[in-house]
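Asks: For reference, the chains in residue letters:
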Amino acid sequence: MLRNLLKKYDTTDLVMYLIGAVLAALVIYGSYQTLSSGKYSGEVWLDFIIFGLAQGSIYALIALGYTLVYGILFMINFAHGEVFMSGTFTAYFLAIYLDSTGFWNQHPIISILLALVVAVAVSTTIAVVLERIAYRPLRGAPRLVPLITAIGASFFLQYTFRGLYGSGVKTYPDVDALKGSWNIFGIEILKTQAVVIVASVILMVALRFYVQKTKAGRAMRAVAEDKEAAALMGIDVDRVIVNTFALGGASAAAAGIMYALIFKQVNAFMGFIPGIKAFTAAVLGGIGNLPGAMLGGLFLGVVESLGPSLVLDGLGIPAPYQLKDAIAFLMLVLVLIFRPSGIMGENLSEKKA
Amino acid sequence: MALLELENVHSYYGNIHALKGISLTVEQGEIVTLIGANGAGKSTTLKTISGIIDPRKGSVRLEGEDLVAYRAHEVVSKGVIQVPEGRRIFTRLTVRENLEMGAFLRNDTQEIKKDLEWVFSLFPRLEERQNQVGGTLSGGEQQMLATGRALMARPRILLMDEPSMGLAPVLVDLIFDTIKDLNEQGMTILLVEQNALLALDVADRGYVLETGMITLAGDAKELAANPQVKEAYLGG
Ligand SMILES: Nc1ncnc2c1ncn2[C@@H]1O[C@H](COP(=O)(O)OP(=O)(O)OP(=O)(O)O)[C@@H](O)[C@H]1O
Ligand SMILES: [Mg+2]
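Listed in order, the protein sequences are those of chains B and X. All residue numbers for the first sequence refer to the working numbering, where the first residue is 1 and numbers rise by one. All residue numbers for the second sequence refer to the working numbering, where the first residue is 354 and numbers rise by one.
Because the hints were derived from the structure by calculation, they are not lab data. One or more hints might be untrue.
To be verified - Only some residues are given here: those of chain B computed to face chain X with a beta carbon under 10 Å:
no. : residue
1   : 215
2   : 218
3   : 226
4   : 232
5   : 235
6   : 316
7   : 317
Every residue gets a Cβ at the ideal spot worked out from N, C-alpha and C, and that includes glycine.
So here's chain X without its partners, still in its complex pose (with noise of 0.2 Å):
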């Protein structure tokens, strides 16, 4: 049985029919990664995951239980963690206090402690400015915040939403190495990217998204390959 899997999902904001009928697998322990245009539909498909978006008609399971009944934070309950799109840190909390934010729903002192480092270890620059407000971390800072914040709930599978927006190559390229890094100690990560030849190097598999339709799908060295995604979102 998939870890994650979508089937048949529909999802609307009011009329605006955003995903139609989008259906996807992630296995236990692989990157996949979700690439399209913009307004394709990607981060309308976390949301729904997520239990932001409530899907019309389709189905959400995590392990074979469906999640479409739960809500948002009943979701993250189930290890269904996300990063969301723009950071989304709290910039009135210090970035100790959004690190605990992410391990809300624990109770094990001594664990998230543990985590607290673990992440500080992935993060040195974390750790010096943990006193600091979010707000007043640079954008690579805050993906750092958004990212060890997710891991401090101990997610099952986490989903990223556009990890490497609007952040300088160096910062893109520290991101990416801690997700195959993340991924080789056993994470299940659902990696949504605009930057196609980034996400397609690290993934394991690959989905298209285009107008809510789900238009390729292959394995991730293959896709990166086909003259259509090439054309489409490699610069040729």
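Looking at chain B on its own, in the form it has when it is part of the complex (with noise of 0.2 Å):
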């Protein structure tokens, strides 16, 4: 029977089945370690939970960028964190520019709209620049160059903002009006969590709606299935990604902006780490698929916000909070191991095809 089973599996898928299940079992080993404690209350929870959905979101704004545009090139945009960093950053200048004058926190809805709309300004303009000098003379070419190419662009807007703008970490004033919580149903929910939440649900809903109902939205899902075919409808495929990177490039600032109203300090370095637990959340949502980069994101915020916790303070672990970072990336590499198609996705080759 063991040899049976042998000729099924090799060994490698053995050996990775063994860990698969020794994480599964610390897991719930120490979930169940930290409930029975009962160190933390049924609020705390909550409040993990609640603060996970506010990043979540976050991460699932960055991600639709990720995911549009593999759709339609089937490339990975790996200066997209770079597109998220700087929209955020350029708006910190208008940010504390208003401040100064005391118009920030006398009008503080129309400044957040301002800093939106100069975030979206840089960001969508560099995502279309990027598209533009650096992926499309590369189109047709391996898939290889126009990743190293998204790499060095990435480097080089990074060091080019930390040029302009100064490599120290800079801090956005403080909102005024989202100091605080409200109470909702009954429970606590700190306002810039609740802003944040309800702004992204609205920016996906729209997103998809875009998608799926508008004419440029169908233009965009023929051009991300056979670009000759488009072409052949009277599509102006070059436009459609132009626009497909636009709309990342929109979404990651506002998502930019976000960040700022909950983590306020913001510096030439702050797209990588978003940017790659954005491209795990579209990874895990299933790479190419819009509303699998929107619940990737919003998994990995839960997942990340309740893991230190619930499972690392179970096992014994000294500070699980600095590893919070540490589970993420665990997540992308068991699900590039055990289900590279991501938990929605359709299998990759196949739709490479």
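These two chains come separately, so use the hints to put the complex back together.
Replies: Here it is as structure tokens:
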């Protein structure tokens, strides 16, 4: 019987599943320990989940850019984290200016919208320029080539922004109107987190509507499936590709402003970790799959927020929060090993054909 | 002036010289067929007309206007519409969305609606399946969809690349009946086929393509009777 089993699964498979089983056991054991110790109250868990959702909505909005571009060009735009950074970082200067005149806290809604406009303008421009000068000339080249270019572009943007705006960490001004919390159905929710969750849900619904229901969205889906056939319908394929980058850039900029509301601090390297996390979210949801990226982002945010206290604490690991990023990347590795098509994804190789 | 005229067209894939000086004309209201064996360059000819491939030499003219400088989507706006080889329908879009894609450049909502009704009357099967995604259709239904999608653009000339490919005989008949009907309603058609017998039967004129060159041209009935054609393409 063992021999039959061995025939069916080769040794690497077995080792993989062993690792999987061990991890699953650790997760269950750790969670059990934590929960039975009663160290955290129900309210604390709820806070973790809400924070995870807020953080996850930011990942989700960034992930949309990865997934949209992948869906159309089968390329991973690794400079997308820097697209996110560039808008957020630039809008910071508007924010402190408005703050210095007192406008920022007199008209918080208008101020945040203005910052959003600036961030969207900058991120969108950079995304579009990136496509035009770094990726378009390489269309049709082997897939590794634009990937390397993207990594190069990513460093270029990081160091350009460091050169332009300085290397220090800058802090967005506080929004007084968003201090404290609201009581919604008996649940205390920090105002910033509530705003972030609601705004990103609205944006995601709008984007989904755009892609599914409008003529431009239909053209985008047609181009994603078959560029030559799309051109034979009269669709300007290059323009659709530019629009796709622009849309990804705008979502990343929106994510950036939400990031600034929650975390306040910005610098030239701030795009790296959220960028990789969002990429993880896109892979989790099945890259190229729009609802997948949204759910992947929310899921990752919640796991990352709950994981340290729920699992690691129970395992007796000291300072579990330091390992938050490790959890996210462990998930990326696990998904790539066990389900490379993502939780909701179709088979990548099939889609490529 | 001919509706469509190719003059001394040379097209390449990298270093492969696929079209070696093609000249042909299609007059308003005609069905012209381009026949030839695998790899002769039939699809390449249509791709060159549609602007998917730029010829290195020669001209493609629509009522005298040179199309070579236009990109593929601009050629569509001139009314040159192709039903590509292998159908190339959008498998993840619904049947209805596929048909709407055909009308992508049009803004006359009322007329589009009428044309949709017309396509549904030509292919009732498509109406029944309008909310299904394209990928779930059978081969024959996909050919109907690809044809209907092209008609939604209101072509001035319809380029069809091997519409009979892989279809059961009943469906081939249906598609060819549709081609004849469309032509009777005034549609100009350039038909590429490997099934020379069928193609020459519906066409007014024909061209025989061999390894990138036109070797024979003439009236469809005469070509069908030509011993060389009979031997090479009509099974003796
Ligand atoms: N994308 C391509 N890259 C390189 N060569 C190509 C390409 N497409 C076609 N060719 C070559 O160009 C020549 C003409 O091909 P084409 O597709 O036009 O033939 P065809 O007459 O349509 O054949 P079929 O009846 O099989 O469809 C062939 O030799 C083919 O191998
Ligand atoms: Mg062909």
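Asks: Indicate, hint by hint, whether the structure satisfies it.
Replies: Tested hints:
1. At its closest, the beta carbon of residue 215 of chain B sits 7 Å from a beta carbon of chain X; the interface hint therefore holds under the 10 Å criterion.
2. Because the beta carbon of residue 218 of chain B sits about 6 Å from the nearest beta carbon in chain X, less than 10 Å, this interface hint is met.
3. With a least beta-carbon distance of about 6 Å to chain X, the hint placing residue 226 of chain B at the interface is held under the 10 Å criterion.
4. Nearest Cβ of chain X to the Cβ of residue 232 of chain B: about 5 Å, under the 10 Å cut. The hint holds.
5. Among the interface hints, the one on residue 235 of chain B holds; its C-beta lies about 6 Å from the nearest C-beta in chain X, closer than the 10 Å criterion.
6. For residue 316 of chain B, the interface hint is violated, the least distance from its beta-carbon to any beta-carbon of chain X being 49 Å, above 10 Å.
7. This hint is violated: residue 317 of chain B has a C-beta 45 Å from the nearest C-beta of chain X, more than the 10 Å allowed.
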